[in-house]
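From first to last, the protein sequence lines stand for chains A and B.
Note that the first sequence covers residues 1 to 88 in the working numbering.
Note that the second sequence covers residues 1 to 168 in the working numbering.
FYI, nobody ran anything at the bench for these hints, they're computed from the structure.
Take these hints with a grain of salt, some might be off.
In silico DSS-like pairs for lysine-lysine, Cα to Cα no more than 25 Å straight-line [what the hints assert, rightly or not]: (1) Lys3(A) / Lys112(B); (2) Lys120(B) / Lys3(A); (3) Lys3(A) / Lys161(B).
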Amino acid sequence: MRKQVPYSVPDGYFDSLNSRLSSIPQQRARVNFLPYLAMAASFLILLAVGNFILNRTASSYQADDSEIIEYLIESGTTLAQVENIMDY
Amino acid sequence: MQDKESVFNGLVRQYSEQLYWHVRGIVGSHEDADDILQEVFIKAWNSLDGFRGDADLFTWLWRIATNESISHLRKARVRAALSFSRLDSEAARVSDPSPYFDGDAAMRSLRKAIAALPDKQRAVFTMRYWEELSYEQISEITNTSVGALKASYHFAYEKVKQFLTDTD
Chain A
1 MRKQVPYSVP
11 DGYFDSLNSR
21 LSSIPQQRAR
31 VNFLPYLAMA
41 ASFLILLAVG
51 NFILNRTASS
61 YQADDSEIIE
71 YLIESGTTLA
81 QVENIMDY
Chain B
1 MQDKESVFNG
11 LVRQYSEQLY
21 WHVRGIVGSH
31 EDADDILQEV
41 FIKAWNSLDG
51 FRGDADLFTW
61 LWRIATNESI
71 SHLRKARVRA
81 ALSFSRLDSE
91 AARVSDPSPY
101 FDGDAAMRSL
111 RKAIAALPDK
121 QRAVFTMRYW
131 EELSYEQISE
141 ITNTSVGALK
151 ASYHFAYEKV
161 KQFLTDTD
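Bound conformation, chain B alone (with noise of 0.2 Å):
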């Protein structure tokens, strides 16, 4: 029987670098993805103990991140009407010319369309689009029906080609 650092620390080589870009692809920034990914093993360190194994680790730490990752966005966006700032700013910071964005125009033109999508649905199209999860891995994820995110997918993606021709 493995100890909890044990597993832990297996947790941490199997899957590190996987949910960054996990994290990464919702909020953008790589300053955020780092400090919300060390917040997510931490959650998953203090809940290792109540883990029944009734989901598969990879299904549990994507659901600790994708919420934890939601949670970041909405703050963000507390913050930014509390500073009266406009939440498009938000848009243009997380893919503006930084130097960890490698993006040519187009590229830039699609996060800033994502960016602009509601937290959650940002979340679905994420892992729809980028990290191509299946709709029932997603679902077991945010623990939303299979049509719900279906509609939810199509939505998304409407509302990224509609900004992208708005915005040629």
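Just chain A, same shape as in the assembly (with noise of 0.2 Å):
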């Protein structure tokens, strides 16, 4: 600078600035993994909570035989069929 400025730097600054400004090439070599690894857990997480909301939502209601077989009467199978399942 031309002027005098009023400024001063700790002891030896310059002489570290330098090394330290030209290990950057290095720093910027190493492959950074941290945004491979946030969208990884990002989507586990959206996974985990889908499974949590289907399970709470499902119905646990379990149908007897009887609810099942006029549900498949009332949808066209025929009582051979249905015989059939039955026996399966």
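Relying on the hints, combine the two individually framed chains into one complex.
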């Protein structure tokens, strides 16, 4: 700087500055896995939350045989097919 | 043909100290200047492949450094606003009696006056007053017309003069 600025720096600052700045290429060369880990973690969390919500909202009702047979008949299944299913 | 790392190390050797004073002149604090300088050279490393030589290296580096310094000042203002602290405390911080300030009371007042300028005007004033860069150089660095820079510097100079008069 041309004019005399009223600032100073710590002793040896500029001696170490160049070596610190020159190490930037090596620092940049190291692959940063953190973003990929963050993405994987987010995906797993979404999966877990989705599964939890699905299990909570799914009905735990268990239909008995007569209800199943009634449903099959109403949906057009023949008696012979129903008997086959029940024997199975 | 030099490899990228050799070119980069050459830039560091040639410009790091000068660039430090450029940044320090804008932001005031040694710690901030050191942080910003690291960011400047990281950006320089990342952009070196795309550097087409349409500006010279000095202008290119000074442009990165000026933009980083102004960005830093803006973030400091946002932080100050969010913490409800007064903006002139930022001005006091950059010229406080730290171990890295050698000036007398008059110089301290001048630094406070410069710190009170709007961010870009502060950068222009620093480049013109402290570094004595030409308007043409500053124009290339800031991508602002010479006419606008002259007006900006004139207003900044008047504000600084007024600040010093008011605080006398």
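| field | Contradicted hints - numbers only | value | none
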